[in-house]
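Those protein sequence lines, which keep their order, are chains A and B.
Residues in the first sequence are numbered consecutively from 58, following this note's numbering.
Residues in the second sequence are numbered consecutively from 215, following this note's numbering.
Calculated directly from the structure, the hints in this document are not laboratory data.
These numbers come from a predicted model, not from an experiment.
C-beta atoms are modelled at their ideal positions from N, C-alpha and C, and glycine is treated no differently.
If you anchor each label on the Cβ, the simulated ranges turn out as follows: (1) Thr-240(B) to Lys-145(A): 21 to 29 Å; (2) Arg-372(B) to Ile-406(A): 51 to 59 Å; (3) Ser-113(A) to Ile-354(B): 23 to 31 Å; (4) Ser-346(B) to Thr-319(A): 32 to 40 Å; (5) Arg-372(B) to Asp-241(A): 44 to 52 Å; (6) Cys-330(B) to Ser-100(A): 33 to 41 Å; (7) Ser-113(A) to Asn-328(B): 50 to 58 Å; (8) Pro-351(B) to Asp-241(A): 25 to 33 Å; (9) Thr-323(A) to Thr-240(B): 52 to 60 Å; (10) Lys-297(A) to Lys-352(B): 41 to 49 Å; (11) Asp-153(A) to Lys-258(B): 37 to 45 Å.
With a straight-line Cα cutoff of 25 Å, these simulated DMTMM-like cross-link-like pairs (lysine to aspartate or glutamate) come out: (12) Lys-101(A) to Asp-361(B); (13) Lys-65(A) to Glu-353(B); (14) Lys-469(A) to Glu-407(A); (15) Lys-374(B) to Glu-108(A).
Now for the letters of each chain:
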Amino acid sequence: MGMTFAEKILAKYGGEKKVVPGQILTIKPDHLLMHDNAAPIISKIQPELKEYGIFSSTLPVIVLDHVIPAAAEKNAVQHKQIREFVKKYRIKHFFDVGCGICHQIIIEKGLALPGTVLLGSDSHTCSYGAIGAFSSGIDRTEAAALLLTGETWLKVPQSIKITLNGRLQHMVTAKDVILSIIGDISASGADYCSVEFHGNVNQFSIEERFTIANMGVEMGAKNAVFPVDDVTVNYLKLIKILKSKYTAINPDDNATYDRELTYDLTMFEPVIAVPHSVDKVKPIKEVEGIEIQQCLLGTCTNGRLSDFQIAAKILKGKTVHPNVRLLILPASRKIYLDALNEGLIKTFIEAGGTVLPPGCGPCLGAHQGVLAPGERCLSTSNRNFKGRMGCNEAEIYLASPATVAMSAIYGKITDPRKEARK
Amino acid sequence: MKIWQYGDNINTDMLFPGKYTYTCNTPEEIKPHLLEDLDPLFAKNVKKGDLIFAGRNFGCGSSREQPVLGIKAVGIAAVVAESFARIFYRSSINQGLLLIECPEAVRAYQQGDNVCLDVEKGTIMIGSTTFSFPKLPKEILAIRDSDGLLPYTRKKIRRKKKQ
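One chain only, chain A, in its complex shape (with noise of 0.2 Å):
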């Protein structure tokens, strides 16, 4: 009997033949993130660190990305704190305020690799199954632990295999596909479970990819992965990773899984996930016409580069209405400079954008556009969690780039299949 993506990679790294669902392995990962959290680990284990150091330079990756620039002063102390750390046990992988979002960054500098292990403190961690790689959240003690001994426990999930067939129409996008999936088996549907993407894929950019397996966790996945295929081998060529520095894991045809799933992407349409939780999708149909003040468009869902030429080309020319506030929230420093390049930002600025550092900016409620009572956001973000934004009397709609922007034009949700006006 074969074995799953999941099983395959931690048979790996557990050091076994054949795992089964439910065994519990000692593993050793590839790299631990963290972000500004970096500071409140640390200062859980001074003595031991003190006294033995950490397990390696090399395996830890440090991004500052969640209250960027520093909001208040306890914000700056932290950064202090972890840029101390950083200098005092050289890690190798820092990146300081300004670089972007963690998650971007692990992607875009190569430090996930098809076949990889990567463990972090921030639930988003799930996103590198968009290059093959095996990756999960996990809390701030088990980073701390991890950072002294290197290796923690990992039971072997259940699989899930979703097969996508048939292809996306006109302004139907990844960010509709997986709120659609999320909508089907709700936010507990993945729990515990590894899912795995098959089928018609391959119509799937990296960038597209990153959205869909980055809100796994939004489903209860551990981890949730497309195969390593031309599409993946490409991306790794262009940011200069060649294909001897890696050795890609893919599940076995006659692997066994705990259900399977098929969707016919062909019928997708463009979808809204309504306060306040991510698994309450409606087509836009049904909520159209709902008034909005601020549009969030970006962050590790949606701030990458074919997210804004989507929306650029809805925007080039137009106005934002004046009831709304759009703010644009690049993923990394490298997609904002492309932005840049491209004329993109020109295009969101003209239209009365404003332009957020690359970071986590107001996803989670810290600063840089928090919500007021009874004002609603429609963001590309991955959570509408009551309260996420900032105020618990605010409500949060989540949608696609295109969704996004087209309802800034409007002030109101709007189809994005809609002809924009001047």
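Chain B: place on chain A using the hints.
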């Protein structure tokens, strides 16, 4: 002992709002904001030994550990739910907080029922019915029984260094 009863998909923002994630880290800083957007009475009235009962997917969302640290610090004896989100589940092991996945017990509970928890036996009695819940695998139980991952890791490192 009071039972605090909640529904499905109680996420980490409801348990501890994201806006405090980078300014509140110690149990004392966390406690006043615990369940702030879900049940403002919780932080005020919770007592040591109380239980939380919840539906499916408790603790979904962010990997922030303040919800677990806070729930443990206020003395919640156990969270009993139909199911848990995995990062929250793992985090509870790391903090030594007892989670009980027992959908039958959650569904059987009616307000006012007597509840009796026996961790040793792995049973929970709701009214007159006793439900059993599975024990954690021994590798993981060792972490929880060391009162969490850091004390467990400290012991492990010391042992290794001695060899």
